[in-house]
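Q: Below, each chain spelled out in residue letters.
Number of protein chains: 6
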Amino acid sequence: MAKQIFDYQNGDEVKLTVLVKTAEVRQAKNGNKFIAFTFQDASGHISAKFWDASEADIAQYKAGEVVQVSGKRELYQGNPQIKLYSVRLATQEEGNDPSKYVEHAPETADDMGEELNDFIFQITNANWNRIVRKVLGDHKQAFLTYPAAKSNHHAFTGGLAFHTLSILRLAKSVAAQYSSVNKSLLYAGAILHDLGKTIELSGPVSTEYTMEGNLIGHIVLIDEAIVVAAQELKIDPASEDMIMLRHVVLAHHGLLEYGSPVRPQLLEAQILHDLDELDAEINMLTTAYQRVEPGTFTERLFGMDNRRFYRPEKGQGYPDPK
Amino acid sequence: MAKQIFDYQNGDEVKLTVLVKTAEVRQAKNGNKFIAFTFQDASGHISAKFWDASEADIAQYKAGEVVQVSGKRELYQGNPQIKLYSVRLATQEEGNDPSKYVEHAPETADDMGEELNDFIFQITNANWNRIVRKVLGDHKQAFLTYPAAKSNHHAFTGGLAFHTLSILRLAKSVAAQYSSVNKSLLYAGAILHDLGKTIELSGPVSTEYTMEGNLIGHIVLIDEAIVVAAQELKIDPASEDMIMLRHVVLAHHGLLEYGSPVRPQLLEAQILHDLDELDAEINMLTTAYQRVEPGTFTERLFGMDNRRFYRPEKGQGYPDPK
Amino acid sequence: MAKQIFDYQNGDEVKLTVLVKTAEVRQAKNGNKFIAFTFQDASGHISAKFWDASEADIAQYKAGEVVQVSGKRELYQGNPQIKLYSVRLATQEEGNDPSKYVEHAPETADDMGEELNDFIFQITNANWNRIVRKVLGDHKQAFLTYPAAKSNHHAFTGGLAFHTLSILRLAKSVAAQYSSVNKSLLYAGAILHDLGKTIELSGPVSTEYTMEGNLIGHIVLIDEAIVVAAQELKIDPASEDMIMLRHVVLAHHGLLEYGSPVRPQLLEAQILHDLDELDAEINMLTTAYQRVEPGTFTERLFGMDNRRFYRPEKGQGYPDPK
Amino acid sequence: MAKQIFDYQNGDEVKLTVLVKTAEVRQAKNGNKFIAFTFQDASGHISAKFWDASEADIAQYKAGEVVQVSGKRELYQGNPQIKLYSVRLATQEEGNDPSKYVEHAPETADDMGEELNDFIFQITNANWNRIVRKVLGDHKQAFLTYPAAKSNHHAFTGGLAFHTLSILRLAKSVAAQYSSVNKSLLYAGAILHDLGKTIELSGPVSTEYTMEGNLIGHIVLIDEAIVVAAQELKIDPASEDMIMLRHVVLAHHGLLEYGSPVRPQLLEAQILHDLDELDAEINMLTTAYQRVEPGTFTERLFGMDNRRFYRPEKGQGYPDPK
Amino acid sequence: MAKQIFDYQNGDEVKLTVLVKTAEVRQAKNGNKFIAFTFQDASGHISAKFWDASEADIAQYKAGEVVQVSGKRELYQGNPQIKLYSVRLATQEEGNDPSKYVEHAPETADDMGEELNDFIFQITNANWNRIVRKVLGDHKQAFLTYPAAKSNHHAFTGGLAFHTLSILRLAKSVAAQYSSVNKSLLYAGAILHDLGKTIELSGPVSTEYTMEGNLIGHIVLIDEAIVVAAQELKIDPASEDMIMLRHVVLAHHGLLEYGSPVRPQLLEAQILHDLDELDAEINMLTTAYQRVEPGTFTERLFGMDNRRFYRPEKGQGYPDPK
Amino acid sequence: MAKQIFDYQNGDEVKLTVLVKTAEVRQAKNGNKFIAFTFQDASGHISAKFWDASEADIAQYKAGEVVQVSGKRELYQGNPQIKLYSVRLATQEEGNDPSKYVEHAPETADDMGEELNDFIFQITNANWNRIVRKVLGDHKQAFLTYPAAKSNHHAFTGGLAFHTLSILRLAKSVAAQYSSVNKSLLYAGAILHDLGKTIELSGPVSTEYTMEGNLIGHIVLIDEAIVVAAQELKIDPASEDMIMLRHVVLAHHGLLEYGSPVRPQLLEAQILHDLDELDAEINMLTTAYQRVEPGTFTERLFGMDNRRFYRPEKGQGYPDPK
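Chains as they are written, first to last, in the UniProt record's numbering: chain A, 1 to 322; chain B, 1 to 322; chain C, 1 to 322; chain D, 1 to 322; chain E, 1 to 322; chain F, 1 to 322.
Keep in mind that the hints were calculated from the coordinates and are not lab data.
Be careful, since some hints might not be right.
Same chains, same names: a pair is fine if it fits in one copy or spans any two.
List of simulated lysine to aspartate or glutamate pairs, EDC-like, C-alpha gap at most 20 Å [to be verified]:
id : residue 1 : residue 2
1  : Lys183    : Glu240
2  : Lys314    : Glu240
3  : Lys234    : Asp138
4  : Lys100    : Asp110
5  : Lys134    : Glu24
6  : Lys172    : Glu277
7  : Lys314    : Asp236
8  : Lys183    : Glu281
9  : Lys172    : Glu281
10 : Lys33     : Asp12
11 : Lys134    : Glu232
12 : Lys72     : Glu55
13 : Lys183    : Glu313
14 : Lys83     : Asp52
15 : Lys72     : Asp52
16 : Lys3      : Glu74
17 : Lys83     : Glu24
18 : Lys72     : Glu13
Make a model of the complete structure from these sequences and hints.
A: Shown next as structure tokens:
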């Protein structure tokens, strides 16, 4: 089978078939245009610059195309990139099918859907159970394919479902350990909390914020969907349990500064916020570790307050992060 | 006609028929209970302490009762209060009708309702016009009687409508001065912006936050009502104009820290936020000035970052704030 | 068996044998002194005021004494207290043994010690394992009896060990779910992270900060102990694994503003911080819920940014928090 | 008549006579120098880069020169720019008069001066009236030609007077609506509030901060001028009305963080601050909207906390911002 | 000679002739009034409460009176106070002269004035020298008697001059150590920096903020005085040296949040700010240490961000802070 | 003698033998590599860019090499740089000894060591004296050669010792002026406070943070060394004087946000923090002034909150900062 991006080391001459993830056209200081590419395949993504691009190049090498590239992998300011020798569109025979080159969750949509159903089954409050089935049902396809964020964490196909499932697994442990926790509420909140991202973001590929995403935001968008669903299911949205569910979803960013219109005022709202952060952080750090050598620091991570993290040398009972 | 609270000066012996606005039972340091009263009539409100209250007193003198009090008006830490000599329930003959003793907006509900209709008439976008009529219609009675806040500003019967109308009048001037402003959007946003307070607060008398108010908040509550109304009126909530209207309402607190889930991203959203603050501040300051003598400072105002304001001596073209 | 504090309801006449947890002497506004008591037994703690205390009373009813009280349980500003009728020292026959009246962790010191050993057994890095055994061994007795904090969370006998164990259980789930986590490092860090509290705090009863606690703080105190232990065990404190362990402990408050001299720069440091917060919050909220009725809000919680939390009505799959 | 900058669309070949507003010499990454131009005419300003500039080019094409340029208008990172083909100095015949190419207020200096006089006429407090006439008289010419800021808002010839007048018009509406407002004080404060900018800034063209502007700031500079004027007019600067006027001017930035040495403590000081912000924001947003297409977002606006604003599609009662 | 306040220990019966520094009338929770006294003599000040005060008591025992008191010194919440047995006005024979009972600087006005002159003599820039002589001359009497602050630091007669002199002595050491420092500018700035307090505060006894102090503030008040003095002395206030002097004075609070309209932009402005803080802090801490026993913590110090400081046991080369 | 970097003016043709301080390889926008040099000799440091660098160039011109360069000194964005004509390695004859080209403290290591001994001699508390001798002895060589910081202040050979000595001289003045100060404690704290930088930083040349420096930080590193030294010297680290010494060192950054795990709670801790800042600021500003012309502003200074400082024209008693 053909080699993938992360099968190469720094310094290697590379020959790859990859998907153009982003292709930003910029102007070099000599007045010429260049394309700042991000290429990806299932092993991850890497950047590359295409200098002195003609209008024809710009028209041809757009996000979504599969291309054949040759070049050299090197380090640039601590991050791997490809120094390009050549680029051309891939032919049919070479495997010109974009879906084969996207990063995706480590589990299939089917497996994730099934495990999700098991969690829904354990939501014993009837209103919450019906609302979850209804709202999730309305966005099921997007839920299983969207990323969880544009770039911060779980930024891959299926990332939204995988992030949700990871939180649910943590929630299961927490509910097992602390008897005061309302498992049904925690599960229902976890499943719905980021579902508004299917409206806030444009889709699984070349993900951007929609106008609605910018002006309303995923937190309120899903709260509105819950209220509309309640009306359709003839559930009173002002009943205590429905207020609780809406609250858990609305408060999940934890702080007003992070966009939640209310701070957590229920135990389960606080826990959901904590587990959401925990899973996102572990994903961000694990990904960042994979991109640097043992014994060095990662690049500054925007989602971690611009901190750099240290990847220890191997050994010492430390698992290999790759 | 009988004298009212603010017809008396500090040092005067007073004799008044007043409404009990709040009656908090507290424990004195000698172990006895006392009642911390706020009395009100149409001229304003004043505090008073009832020492060594028996269980019978506590049961009798509750918020909502009309009472006959005698005592002496004095200053306590810069604020007027009544040193009580006696309290008893008012008789029918003495005018035992709570509604006669509440503070209220300086205009009648009818007048305000009529002026409001004139503004609605000028909303030329059909979707916004229909949404405003529908959502306002669903909460019309409460809108005309609720206060605009529990205590900060416009905390009197009809305060919500009066605050809304004051903003609309400012909005009219602004739209006349700046040709780039969308008057319809600004008016529609102004009318709806605080309407969620009719759900967030318990009512015009002895106002408290409802559980729904605490856990969801008036900003999201009215946004939900807009979306539900759109569904009933068969208006697509995701059309650009509906997203704009929802945004203007959601963003009206201006900052995430103040509870808006998004910051203003439309000119009209920014203007509505500014005018909302301007009118609230003028109301707070005018009220605070009325409670102190010229040539002195007001008490610290919670809604103004705990600043004290100076009430100048009369003259100098300075209007009398009372 | 005799009734305990939380066997009574508000309004009940009470008769109790309790331990004086704190006895602050204050001056009432009439110039007399009074004692502000906190009483406790194994069911929890409650406050009470002893008015017009004589010098003899003050000398007699000190923290650490067991007393016999009668009075009435009532609500004061949303919190239960006892209105005192009488207080006297308990006799030998009545059970004058302070250790019987303290709140304590829900598990015994023996059980906790044993489970802890299981966790230590899984620390496969030899340096970390030896350091943990050495430092923990030096403070074992205190570790099993001290509270985890003066008042915020786990403020009961054995609270430090119980909090540590709760984090370890969460850590076990996290390590099982995420393969990139170094379990040995996470366990070693969790066990040591708050051990400096045995130096920072004065002890399990009438807990205060020591001078050393105020001027150095538990984070640095335990880091120093690790370095000294390394010297004694002939382990190089500047080896990579020892720097990692010290870092995980030093960074566990997460933010410089919270007293960590460095922010987390290792995956395990970040996770330990998150789990520390999560367990502390669940403990604070569960405790606060137990002190109020369903359908009401807790008092403002200092450790939760002064938020009040809502305790829902029963039912809806919501477990009874007590 | 010749075409102006904003008569062209993106993609058009352009031929323009324009004023060099700024000409910054920078070093390209190939070691050569280039000139980063901002060109302007009465329709607005636009940027352009002149690559591989010789020392002669640098000496010739300076801020303040009128030049003849040809090139192509295009979009660069969301903002329009000119890709230059050629530049040369304009000849006399081509209209080499810088004053014809500056952006200027939408009203003439004469009209603005006249309307200003009407407002001054309504300042009924004699001290304030005399101070305003004196201080304004000392800076009249600069007041009518300076911009209101270096770049944030009203950054065009006459911008200072136009901004002041816009605030006065808003102030007139506010004073008409709220009877507690001292109109004389509000007008006097509004006229003087930014007058110190005539000392803080270098002038209407190629505006920079003066050394005095940096080290003292326009707020204190105008306060000093008021005190000196009072001395010359034999008005006691410590009389209550003079303290009030100085306060209104000193406090107009609203917050200490924004450079006011005191926060507003008079109703009129608060209102002036609010109207100052409102007018500046509307100007910034209207200008930003004009530079982008309907249905897109503006660039990040420094003066609006780096927010981007959405310019809606046309229609819906939305006026055309251009 | 008669004993003074701090000649007594806690627990002592006291008999004192003291000045009433403050006498606030408050209402006890039983409805009666009491007087919260601060008494002072040259040894310091101490608080005391006078319960059940009659109107006659209130009229008689006002700030500024010398009284004869008997009572007992005791600790209240960590601070010494007098439990009063009796109070009466002092007779002529007992020494009824308020000036004998005020706290004052440790040096005489004459000595301080003389040392100050030596510093002025070393200001070699003629403009700065003349301005300092003129402005200081206009406020000389107040400068030598006012406190440096209402209560934070150097809150005693002559405190302003003593604080100024202490900064000058530090400045002398700094200028001697660092050759890049402009000694003339640093001295001139130090002498003038707090001189506006003679306008901001009401006087050396019962010190309050004046209206002018609240609405303008001492920083701008002295800057205005400098500009007016320059005019009278025919010095151009816009010359570079005058801008530098004004800047050093205006910037001395260091941060905008602390009321400086500009931050330091000259080396000497930064140094003056640092030395001002250093001297104020040493004064606050030394005073606080004197009020507590060795081996204990001070009360929380408002001027030190509410920190408590530890006063060590004697010995160890630690000088006795008393 | 050969000319040094700062013997040349802007515009001069230069010919220099200099040390390569840093040599960062970057990628130009045309895809080629260039080297961003910092050159230094005893007169200071200056930057220069080497365009189109070959792999051989990159391998040859590394940090630590002495090179012969020719070029032209010019200003780039307000800072001097060298436009390079040629670079080659210096020969033996030309003086290829790196130690001759480093910036160094204005005093010799011997002189500084001697003066330091005088200060140590005055530490009269035996424990502090012995600890200082022991810990300093363990790091003496590094202490006398390391810089005090990577780039902010005193970033030259011997900077750490020089900074320490400057603080000690200030401390001497302060202790002489204020009798309440414990001179021994202040001196001991000053000597040790930054000694951890010998572990945190990599060395005097091409200074970087070590892994230990990043993960532990110099404040805790030196505290650990103190505790280990106490153990070796059989001094109880928990004695009051040792806690005081550790506290003074731990608290010297003043704020938790700046990395101190505790805020100052001793007078001497507060003073040390203040003097540390004062000396660092004077060093930063004096250095920055030297790099710009009189009558201009410095570049933005990172260590001074990004402020720019004004260097006044000569004269006016202002010493020449060079």
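Q: Now tell me if each hint is right for this structure.
A: Against the structure, the hints come out as follows:
1. Only within a single protomer do Lys183 and Glu240 lie at most 20 Å apart by alpha-carbon distance; the minimum there is 17 Å, versus 39 Å between protomers.
2. Proximity of Lys314 and Glu240 under a CA criterion of 20 Å is satisfied inter-copy only: 11 Å between copies versus 52 Å inside one chain copy.
3. Taking the shortest alpha-carbon separations for Lys234 and Asp138, both the intra-copy value of 17 Å and the inter-copy value of 19 Å come in at or below 20 Å.
4. Taking the shortest alpha-carbon separations for Lys100 and Asp110, only the intra-copy value of 17 Å comes in at or below 20 Å, while the best inter-copy value is 56 Å.
5. In the homo-oligomer, the alpha carbons of Lys134 and Glu24 never lie at most 20 Å apart, since the shortest distance is 39 Å inside one protomer and 46 Å across protomers.
6. For the identical chains of this complex, Lys172 and Glu277 are neighbours both inside a copy (16 Å) and across copies (18 Å), given an alpha-carbon limit of 20 Å.
7. Proximity of Lys314 and Asp236 under a CA criterion of 20 Å is satisfied inter-copy only: 18 Å between copies versus 56 Å inside one chain copy.
8. In this homomeric assembly, Lys183 and Glu281 come within 20 Å of each other (Cα to Cα) only across copies, at 17 Å, whereas the closest approach inside a single copy is 23 Å.
9. Within a single copy, Lys172 and Glu281 get their C-alpha atoms as close as 19 Å, and across copies as close as 17 Å, so both meet the 20 Å cut-off.
10. Taking the shortest alpha-carbon separations for Lys33 and Asp12, only the inter-copy value of 18 Å comes in at or below 20 Å, while the best intra-copy value is 27 Å.
11. When the C-alpha separation of Lys134 and Glu232 is checked against a cutoff of 20 Å, the pair qualifies both within a copy, at 9 Å, and between copies, at 19 Å.
12. Taking identical chains as interchangeable, the C-alpha atoms of Lys72 and Glu55 lie at most 20 Å apart only when they sit on different chains, with a minimum of 15 Å there against 25 Å within one chain.
13. Proximity of Lys183 to Glu313 under the C-alpha cut-off of 20 Å is restricted to the inter-copy arrangement: shortest distance 16 Å between copies versus 40 Å within a copy.
14. With identical chains, the CA atoms of Lys83 and Asp52 are at most 20 Å apart both within one copy (14 Å) and between copies (16 Å).
15. For a Cα distance limit of 20 Å, the shortest separation of Lys72 from Asp52 qualifies both inside one copy, at 18 Å, and across copies, at 19 Å.
16. Taking the shortest alpha-carbon separations for Lys3 and Glu74, only the intra-copy value of 17 Å comes in at or below 20 Å, while the best inter-copy value is 40 Å.
17. Taking identical chains as interchangeable, the C-alpha atoms of Lys83 and Glu24 lie at most 20 Å apart whether they share a chain (16 Å) or sit on different chains (18 Å).
18. When the C-alpha separation of Lys72 and Glu13 is checked against a cutoff of 20 Å, the pair qualifies only within one copy, where the shortest distance is 4 Å, while the shortest distance between copies is 40 Å.
Hint 5 alone, counting from the list given before, is not met by this structure.
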